[in-house]
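Chemist: Construct the complete structure from the given sequences, taking the supplied hints into account.
If you want the building blocks of each chain, they are given just below.
Protein chains: 2
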Amino acid sequence: MKQPKFRNMEEFAAASGISRPTVSKYFNDPDSVRPSTRNRIEAALEKYDYRPNMFAMNQNRKLTKNIGIVVPYLADPFFAEIARNLQERCILAGFQPTLFSAHGKQAFENDILDSLRSLKPAGVLMAPLGRRNSDRSEIEKFCKDVPTILFDSNIDGVGEAFVGSDNVSFVSQTVDYLTRTGESPCFFEMTEPANPNAFKRHDAYLAKMEQLGLEPHLIRVEGQGWDFERVGYLGGLSVLDKGLLPTRTVLCSNDRLAIGFLAACYERGVRVGHGVENGLRVASHDDHPYARYTCPALTTAAHDYEVVSRRAVESLFELIESGGSLGQRKETLVTPRLVLRASA
Amino acid sequence: MKQPKFRNMEEFAAASGISRPTVSKYFNDPDSVRPSTRNRIEAALEKYDYRPNMFAMNQNRKLTKNIGIVVPYLADPFFAEIARNLQERCILAGFQPTLFSAHGKQAFENDILDSLRSLKPAGVLMAPLGRRNSDRSEIEKFCKDVPTILFDSNIDGVGEAFVGSDNVSFVSQTVDYLTRTGESPCFFEMTEPANPNAFKRHDAYLAKMEQLGLEPHLIRVEGQGWDFERVGYLGGLSVLDKGLLPTRTVLCSNDRLAIGFLAACYERGVRVGHGVENGLRVASHDDHPYARYTCPALTTAAHDYEVVSRRAVESLFELIESGGSLGQRKETLVTPRLVLRASA
DNA sequence: ATAAAATTTTTACGCGCGATAATTTTTGAA
DNA sequence: TTCAAAAATTATCGCGCGTAAAAATTTTAT
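Those sequence lines, one after another, are chains Z and G.
Using full-length UniProt numbering, read the first sequence as starting at 1 and increasing by one per residue.
Using full-length UniProt numbering, read the second sequence as starting at 1 and increasing by one per residue.
None of these hints come from the bench; they were simulated from the model.
Cβ atoms here follow ideal geometry from the backbone N, Cα and C, with glycine treated the same way.
Please note that a few of the clues may not be correct.
Mimicking DSS-like on lysine-lysine, the simulated pairs with C-alpha atoms at most 27 Å apart in a straight line are [stated by the list, open to error]:
1. Z:Lys65 with G:Lys200
2. Z:Lys47 with G:Lys144
3. G:Lys120 with Z:Lys47
4. Z:Lys120 with G:Lys5
5. G:Lys5 with Z:Lys144
6. Z:Lys5 with G:Lys62
7. Z:Lys65 with Z:Lys242
8. G:Lys120 with G:Lys105
9. Z:Lys120 with G:Lys330
10. Z:Lys62 with Z:Lys47
11. G:Lys5 with G:Lys25
12. G:Lys65 with Z:Lys120
13. G:Lys5 with Z:Lys141
14. Z:Lys105 with Z:Lys141
15. G:Lys47 with Z:Lys144
16. G:Lys65 with Z:Lys47
17. G:Lys47 with Z:Lys120
18. Z:Lys65 with G:Lys65
19. Z:Lys62 with G:Lys5
20. Z:Lys5 with Z:Lys105
21. Z:Lys5 with G:Lys330
22. G:Lys330 with G:Lys200
23. G:Lys105 with Z:Lys47
24. G:Lys330 with Z:Lys62
25. G:Lys242 with Z:Lys65
26. Z:Lys25 with G:Lys120
Computed Cβ-Cβ distance ranges for the label pairs, DEER-style [unchecked claim]:
27. G:Ile91 with Z:Arg268: 39 to 45 Å
28. G:Asp176 with Z:Asp135: 49 to 55 Å
29. Z:Ser325 with G:Lys141: 41 to 47 Å
30. G:Gly225 with Z:Pro21: 41 to 47 Å
31. G:Lys141 with Z:Asn53: 17 to 23 Å
32. Z:Asn53 with G:Asp29: 22 to 28 Å
33. Z:Arg268 with G:Asp176: 29 to 35 Å
34. Z:Asn110 with G:Glu222: 45 to 51 Å
35. G:Ile91 with Z:Asn8: 30 to 36 Å
To spell it out: a stretch of chain G is covered by chain Z in this simulated footprint if at least three of its residues, at any positions, have a beta carbon under 8 Å from a beta carbon of chain Z; those stretches are [to be verified]:
36. 47-55
37. 77-83
38. 275-285
39. 289-297
Modeler: The following block contains the structure:
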């Protein structure tokens, strides 16, 4: 059984036989004290179980050990997964990450920026709602105050760096694959996407088709918000019922749309799959955690979650160590990899 | 354009013509000052844009406005959805929620408790990893220090109250429905579930079958961790290939298992659906956000997210207002509702 | 109008820790 | 052993705000 807790650092320092400023230094950075004293402090820590008051700690520190992680929509498993990854890396580096989700709404995103300011974070990792949905001027102001790395979705010139997957490569790989193995695809997308990467993929599809000397076909379905599966499902039903598919190969802008589209195909009895007689081929982008459990399993281009999150955190630490400015805004694009499954 | 920010409350108070202690009172509880002075402060707030330093604020306050929300696994859309719901409610009530995920690991869960202590939260909403996976004694100690409401998964006697869905009712409804519309189901589950509700559902299945005078059949598949879809998929393949299904009606312990199982059925060409010739019927529990996009769409019993989150937050506020103890530990079980789709 | 009640102002202290400067001790190399 | 560099100690402030008590003011009731 451990000693009753101390009321403050003074008492703990006394009990461990070290002066308070040294203990304070230790908590700020354990490596900043001599190994022998570090051991003594850690021995006392084992014995007595004391934790500094984080409010008092952060009040006067120029730089806290807090890190903010902001995602646009946490109920999207893609963001849940990458947020988990980022959090773990921050903790391992001795920081204390706090997770925020804008839940798809600009008002929340702005509220989060306010909350973040009062956290006085050493740095922020932010995946914004995107160019069209974020309040650019607010985010810009925020990035002037707080060292911020954008990830997943870029806003030109905002933040000290950007790390994300290469949307052009996503589309290029899938279109290439589909074209080589059969008919080239039409592109299934939302008319008003919530996800900003959708625009880049749209452009990349048109460019790639032009490069290949092929005629592009866009299938644009109605719907807004973040309920992509629903949009893909309803749009899919409508497209199938009206016979609007210009090709038998469909490339969806993202996996969540594809999940809905495949559900629509199943419901209408439309067969889907690579090598399926008279079947549709369906492919997509992201490698959503559920992409391998669709029917049939989804051929898609996969984010390299591991590399994206590692690079983002590395960039942030570099930024923090540099004192808040990197001089040059750096954009890192991680190359996705094609994952072949049964759907195309 | 707003004034350059003030360095502290003193300056803001001076600029707004109110004394600092009164301003302090206002930030602690806007209703504790006279309406006329409240208006004056809020007018100044509009004009000058000042926010109190949250670290200095919380340092001496006995009770902060912080609320901790802890879930076992944020990448599970069920928890993502309910966390979102809880967060919104807390914000509306003027609290500042902070979200934590244990990522399925006991060590993380314990770390979170430590972080929470130093947040000095007014209260905590916690969905623990569960009786078998949580460190009961640690959570118990924590609940003694911090007013805590458990939700989703109960640990007997721990916390001031529990709010969750009624697992018995889940199973009772699905078994009843399946039995009335055809053959009664076998029960598809994991041998070592990560999710504690699985045990309750297991027991409820056996009890229900006994009550109906029917013979229960358990199909228990190997696998551990939180990758339920994978477990359901691999287990499904194995069961189908070995012809181990005792009945043509399968009730899965939860939707994520069912998603994997349905993928296995699809891959093996096993037809599934209500009214499908020679088809399997598959049903489940939770109404996972993706349950309507499986192939076929999943018949399931649905959590009432809305009610569970509302009740949990209500209980917490009651607990906070009562000063940290309700006297009697209250357990609230919300009744799920059957959602009929194509799979059964 | 006057007394009583409610609210605000004034004044002052303390919280727990970060930070600094001056002093003393320890370390490690010559 | 000697001495300079490195580290720890002592002493002392200040941060921004909560909080408490007493005095002054405003509001409400009579």
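Chemist: Hints numbered earlier in the text: which of these fail when held up against the supplied structure?
Modeler: Checked against the structure, the hints that fail are numbers 1, 7, 9, 10, 16, 20, 21, 24, 25 and 38, while the rest are satisfied.
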